[in-house]
Amino acid sequence: MGNHTYKGVLNFEFKKPTGASPGFSLKEEEVPEKSSGGVENPCHLCAPLGAVVFFAGFEGGITILHGSQGCSTYVRRYLISHFREPVDVASSNFIEASTIFGGKDNVQRAIGNVIRQYTPKVIGIATTCLVETMGEDIYGIVKEMEARYPEVLLIPVSTPGFLYNHREGFQLAQSALLRVLATRGNTDIGPHHKTDTDAAGIPFGNNVDPLREPLKGAKVPSVLLFPNFASPADLRWYKRVGEFFDISLKVVGDYSQTLDSGPWLIYRGLASGGTAQETIATLFRADAVIGIGSLPLKEPSPAEILQRYTHIPAVNLPVPIGLGYTDLFMKHLSSLSGHPIPSVVREERARLQDAYVDAHKYVATLPCAVVGDEDLVLSLASFLLEIGARPVFCASGGKTGYLRDGMLRLQAQWGDRWPQNFEPVILSGTDFQHVEELIKRLGVRLILGSSKAYTMARTLGIPLVRCGFPIHDRFGASQILHVGYEGTYNLLRLVVNALIEQEQETNPVGYTYY
Amino acid sequence: MMPNIPDILEERRSQVVYSTDDASQGMAIPTCDKPSVAGSVSQRACVFCGSRVVLYPIADAIHIVHGPIGCAGFTWDIRGALSSGPELHRKSFSTNLEELDIIFGAEKKLHTLATRLISTYKPQAVFIYATCIIGLIGDDVDRVCRILEKEHGIPVIPVHSEGFKGVKKDGYRAACMALLSLMERSWGSVQKERDGASSEEKDDPSCNSSEALSPSPSSRQEPSINLLGEFNLAGEGWLIKSYYERLGIRVVSMLTGDGRVADIRRAPEAALNLVQCSGSMVYLAKKMEEQWGIPWQQVSFFGVDEMARAIYGVAEFFRESHPELLDSARALVREELSSLLPRLEKIKPALEGKKVAIYVGGGFKAWSLVRILRDFGMRTVVAGSQTGSKEDYEELRRICEKDTVLVDDSNPLELGRFIKEKQVDLLIGGVKERPVAYKMGIGFCDHNHERKIPLAGFIGVYNFAFELYQSITSPVWDWVRREL
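From first to last, the protein sequence lines are chains A and B.
Residue 822 in the working numbering sits at position 322 of the first sequence; the count goes up by one each step and never skips.
Residue 500 in the working numbering sits at position 139 of the second sequence; the count goes up by one each step and never skips.
Because the hints were derived from the structure by calculation, they are not lab data.
It cannot be assumed that every hint is accurate.
What follows is a set of in silico ranges between Cβ atoms, one per label pair, in the way DEER data are often shown [as the list claims (entries may be wrong)]: (1) Arg958(A) with Gly609(B): 31 to 41 Å; (2) Ile498(B) with Thr959(A): 33 to 43 Å; (3) Asp688(B) with Gln979(A): 57 to 67 Å; (4) Pro447(B) with Glu644(A): 51 to 61 Å; (5) Pro840(A) with Ile498(B): 54 to 64 Å; (6) Arg958(A) with Glu755(B): 30 to 40 Å.
Partner residues aside, some chain A positions facing chain B, computed with beta carbon under 8 Å [unchecked claim]: (7) Gly538; (8) Gly570; (9) Arg577; (10) Arg584.
Covered by chain B, according to a simulated footprint, are these stretches of chain A (three or more residues, beta-carbon under 8 Å) [to be verified]: (11) 541-552; (12) 587-595; (13) 610-624; (14) 627-633; (15) 655-665; (16) 766-772.
Positions of the beta carbon are idealized from the N, C-alpha and C atoms, including for glycine.
Taking the hints into account, I'd like the entire structure generated from these sequences.
What follows is the structure, given as structure tokens:
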């Protein structure tokens, strides 16, 4: 550890540039009529869905969506189609009277009934558009319930679908967990008191030690990782990497088992696994924190919140896809742990380097489009650049600026290695109708994106490599590994084979060697 | 009672009946038509969902979801309702309301979007669904619709489907009203004339007089029907239609499978309405009877007996004017059965005696499934629905064994409990029920929106049996229980 002096969260990606760097250009599409005129075939979903996924990552974790029944059912159905696993989500079941008299009773009954049925340890209570429009005080309502159920961690989170998408809702829930822990009396974070109030109006609360020093010396540190909206396979990879550096790396909100479990034979509602109670209780004792793909929202990212409370080394890293971003991730763990990057990791890396060489001619200068969550799109674009393809078009339903700023930084890092005359088009807050128009205009020949891009890919006759969320039309979404050297190799294989397959199928000769 | 399985919630006990013999305690059928209990993890959806699924198959209309993004995103291309032509229904249009829209209202945004979409896609009609928050922010959707209708000369119909205003059934009703309003544009409204509102109808630009028809007695004598509540999932509607057409019966309109606005507007021409999927369309049938004197029959296209009955019923109805129909109907059924039954016999032995749990959306579906399963020699040991009516549960009680569990508005934990208690071999439901079955290591059949193989009609009986057979006889149920 030694010399780390962290003055604040090291924001790898989202430091706002003061304007486009001279010498570089990114085409940013302005779509005025879209912003005022609605959406055709959306690229994003709503915030409560993200909260549901996050809370599913806790031992005994479940979500109540505060609103009408439809929201929870739709979210469940959508997630079940992706994960092929039970995703029980409760609802406070608003009815007409609740919209007039308030939904406090409904929330209280919902919490009681969920506890009776599921004996949960963590309940996320996420708001829907309806109650946000009414202006329900979810924090106040839940506060009153805390005393009644001391054995359950109740985490209210405001997730209006009209403000945030699913990726952002996932992050808001991560931050909400830390806020609740910091303001609850029973969190093991020391005796100091602080009563600042942050932007969201929640008091910083008791039991926060603002003076805590990072651990020094050879002691094995414990590292917290707040993941991106990752696949269960990705989460398992994050956890395994910790072992390589002999550190205790905990994924906070670990749904790698709860949303990808074995047979139950008896229906219990909640799968075993998930971030354990002990981990939650000691979150503020961690030695370092890493946020993956955290977006610049009004609410600070989980790494920022922990850093503000405990002054531990905190960093927000891009999703580790491709050599560059995975190297960054590995180097950071190496520096935190004081261990060199082990040979097993170097071997994986070497195999990926070799694969880059073997694959380069299949993909060289290939115009690609990437569509999805902002953080995923940035990392996929970075990977495509590394293999010599051209991510000519990067699009997301999100619009926090993460993608645009990340691409600018990427361009700056590449410097004169950046392909000549290459000006990727960045489109934020978009929909598939517009994406389709641009894909046609830009002559894209391969699309990386979720299943929702299929309709468009089919119309245009362009191969689609499915990644991210949701994967509704293929089997085994949970097993898709995107991250690390192995994940990158996996994506490379999918990309190259998609191209070969299309070439082979349409080639009149029918070559048998490629 | 069962280790590790929590008791059924107190507030839900009256919605679960273990023995229909227990009439003395007033427990013969589950109580129903109640809002879901908060925190019960109901499988139900919302009013919007009800409206959306009923109107969804209308393929030459555009469906605009007025609300924040979720409602539209989750229902994009959600049903396998096939179209023989345009596929506008498979697109997802949303006003994508954001914070400022909610503060300042979004009528203008709705108008802008609808105007753009109408000029791009040239639809025959527009349905505008009002979701939860529209009910709160008070956008006057009706007014926007009237304006759009005047500007573009096509029907622009508001569908009031605010999610919190009830359950899925209320959404069906809202959809039926939208369909009715389409028909009234061509046929006028007996009701409204009675109420003295006919003058307004004349101003309706989409109701030009050349198109407006009046029920003509001659068209009514010709054997013609509408299929209400047939959504053409996996092409089932085409199959059913072909049976009637083989008999020389004209199918005027399918509501709403492979739906076209013009066909729907023509629906009151038909002499008879067949209503399948009672939950969604009985209301419309009653209204059409009231308005234009069209009688209706409740039918099911699932199962040999039911399908045959649905054909004979129509032949019977037209017997006076067309006595030959009955013979043709018999010939058709005989022909279909001669190819179906031998194939069915081959797989039936594997199904006989197996225990099935049914949990579906409407009660009608539940009891029509119980009947088919009985034909296969299978036992229904659990039968439930999200929104069954008292009549549906009475019928279930009548046709099920007396120790069959009957349940209204169930949830995953309860279903898991019933499956264990009753040693169920296979669950029939939709996507949300699937993981309950699979996690418990039993078979499953999707009898919902996502099916891609027709389960209706005569061939559907075989397909259904074969799907049950494939799941029940799979070796995976053995492997899933094997210890290392």
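Does the Cβ-Cβ separation between Arg958(A) and Glu755(B) fall within 30 to 40 Å?
violated, 47 Å
Would the stated hint for Arg584(A) survive a check requiring a Cβ distance to chain B of less than 8 Å?
holds, 7 Å
Evaluate the given range 33 to 43 Å for the C-beta pair formed by Ile498(B) and Thr959(A).
holds, 35 Å
Minimum beta-carbon distance criterion (8 Å), Arg577(A) to chain B
holds, 5 Å
Examine the segment 610-624 of chain A: at least three residues should have C-beta closer than 8 Å to a C-beta of chain B.
Our answer is that it holds, as 9 residues pass the Cβ test (under 8 Å) against chain B, meeting three.
Within 54 to 64 Å: is that where the Cβ-Cβ distance between Pro840(A) and Ile498(B) falls?
holds, 59 Å
Is 51 to 61 Å right for how far apart the beta carbons of Pro447(B) and Glu644(A) are?
holds, 53 Å
Verify the CB-CB distance for Arg958(A) and Gly609(B) against the hinted window 31 to 41 Å.
Since the Cβ atoms of Arg958(A) and Gly609(B) sit about 39 Å apart, the hinted range of 31 to 41 Å holds.
Coverage criterion applied to the segment 655-665 of chain A (partner chain B; beta-carbon cut 8 Å; 3 residues)
holds (count 5)
Taking beta carbons only, do three or more residues of the segment 541-552 of chain A come closer than 8 Å to chain B?
Coverage by chain B holds for the segment 541-552 of chain A (7 residues, Cβ < 8 Å).
Take the segment 627-633 of chain A, compare each residue's beta carbon with every beta carbon of chain B, and decide whether three or more fall closer than 8 Å.
Since 4 is at least three, the answer is holds.
Quick one, is the Gly570(A) hint okay against chain B at 8 Å, beta carbons?
holds, 3 Å
Comparing the model with each earlier hint shows a violation of hint 6 alone; every other hint is respected.
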